[in-house]
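Between the sequences and the hints, there should be enough to build the whole structure, so can you do that?
Below, each chain spelled out in residue letters.
Protein chains: 2
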Amino acid sequence: MSAPERLTKRNAIRRENERVILAAAEKVFAEAGFGGATMQLIADMAGLPKANLHYYFATKEELYRKVVQQIFEIWLHAADVFDNAPGPVEGIGAYIDAKMEISRRHPFGSKVWASEVMHGAPVIQDYLETTLRDWTEGRARVIQRWVDEGKMAPVDPRHLLYMLWATTQHYADFGHQIETLNGGKPLSDRQWKAAKDSVKTIILRGIAAVPS
Amino acid sequence: MSAPERLTKRNAIRRENERVILAAAEKVFAEAGFGGATMQLIADMAGLPKANLHYYFATKEELYRKVVQQIFEIWLHAADVFDNAPGPVEGIGAYIDAKMEISRRHPFGSKVWASEVMHGAPVIQDYLETTLRDWTEGRARVIQRWVDEGKMAPVDPRHLLYMLWATTQHYADFGHQIETLNGGKPLSDRQWKAAKDSVKTIILRGIAAVPS
DNA sequence: TCGTTTTCTGACCGTATGGTCAGGGTCGAG
DNA sequence: CTCGACCCTGACCATACGGTCAGAAAACGA
Chain A
2 MSAPERLTKR NAIRRENERV ILAAAEKVFA EAGFGGATMQ LIADMAGLPK
52 ANLHYYFATK EELYRKVVQQ IFEIWLHAAD VFDNAPGPVE GIGAYIDAKM
102 EISRRHPFGS KVWASEVMHG APVIQDYLET TLRDWTEGRA RVIQRWVDEG
152 KMAPVDPRHL LYMLWATTQH YADFGHQIET LNGGKPLSDR QWKAAKDSVK
202 TIILRGIAAV PS
Chain B
2 MSAPERLTKR NAIRRENERV ILAAAEKVFA EAGFGGATMQ LIADMAGLPK
52 ANLHYYFATK EELYRKVVQQ IFEIWLHAAD VFDNAPGPVE GIGAYIDAKM
102 EISRRHPFGS KVWASEVMHG APVIQDYLET TLRDWTEGRA RVIQRWVDEG
152 KMAPVDPRHL LYMLWATTQH YADFGHQIET LNGGKPLSDR QWKAAKDSVK
202 TIILRGIAAV PS
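Protein chains in written order, with our numbering: chain A, 2 to 213; chain B, 2 to 213.
Worth flagging that the hints you see were computed from the coordinates, not collected in a lab.
Some clues are possibly wrong.
The list treats identical chains as interchangeable, and a pair is accepted whether it falls inside one copy or across any two copies.
Cut-off 30 angstroms, straight-line C-alpha distance, at most; resulting in silico cross-link-like pairs (DSBU-like, lysine-lysine) [to be verified]:
1) 67 - 51
2) 51 - 61
3) 152 - 61
4) 152 - 51
5) 194 - 61
These numbers were taken from a predicted model, which means no experiment stands behind them.
Below, the structure written as structure tokens:
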């Protein structure tokens, strides 16, 4: 049991500084990678002296780990829509919407996660083997049930999940490439909607999802 | 005009060393990122003294640039199948096959490319704005033609291309995650085939491609 | 107000990194 | 055989990095 946090000025300062540091770290890790990021750069972006970072986060690894955990939590919650859906059109449709929205709102976190996994998940391997594995098996069962109930074509649930992750996260991880191919401009509201619709249309038709 | 390369022992040595160095660099850059990779690590993996690397490649950036160019070339050639195809079933089907095969054979290169783009393409931005942009517009026109000819559903060619890139490269870039979810074992021949088939089936049905 | 705890930071340190270079070895053309 | 061009490498250097620490400043509880 942790003691209930009182609303003192000290607690406010601590919370605010941790927030600022984590936001700066997320951006710097995303743009430079773990190895390329420096505590000095993060400190400058957070507007704090470097030594102050080490007061809140003992090491670079600890700070990095917190950043990775954040995006992972966000993704896990995004899948709540999956559970109580009557069928694939609602469930997978809403999941695509949610993940596309996250790609738009949290592109840095997505990149940090991608980088971490690409490098062999040196700091969050345990998450992959426990939380993520359980999560994946659970959703795979839901999809398999939909298949068995004739609500969609018989596809391998695993590969469908990979496809959902890949297509949605691509808009965050490869956002720079997409922006360049879009004439150097970020996608507009309209274009984001078109992206969402394209992904949903192709995938839902691809799995022959029938409305409930 | 470059002089025709004679088959002397010197040329053989140079070519072999450059090959070994590039292979080692590709792996190290993929596993550690540009910032995390060290010339010493690459040298060790190549079995050469560090100073020797600097004899063939003046700087770390130059070596890195060559690695990125390599995978880019491979991907460009993979799209040849696209051009003379009579319709989307053959063209896109073959393109998926080719890119999945590359993800399997060149996972390191794919990761290096992904990392480079994620970090804002600091060294290959010019490629994105010239070669890749032209390439993309060309294939988008081909897809649009297929749509106009009624050979597939009216989808946005750009977003379809992004989906093809995302799904195929995911098997290389997130290979570690997939492997972990596969019980810690790399995908078998059979599983790779299932992956290919899943991707092809869902996407081709998703765009309502009609056989020519 | 006073003593204690927490927050803050400039200055510092050991190490690792990218890159250099002088000098020795090897190869090939004539 | 000879000489010039190319190949190789141990030792070295300047710099930048993650992390430490002593002590000042601020906040807090009583």
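Checking against the hints above, which ones are violated?
3, 4, 5
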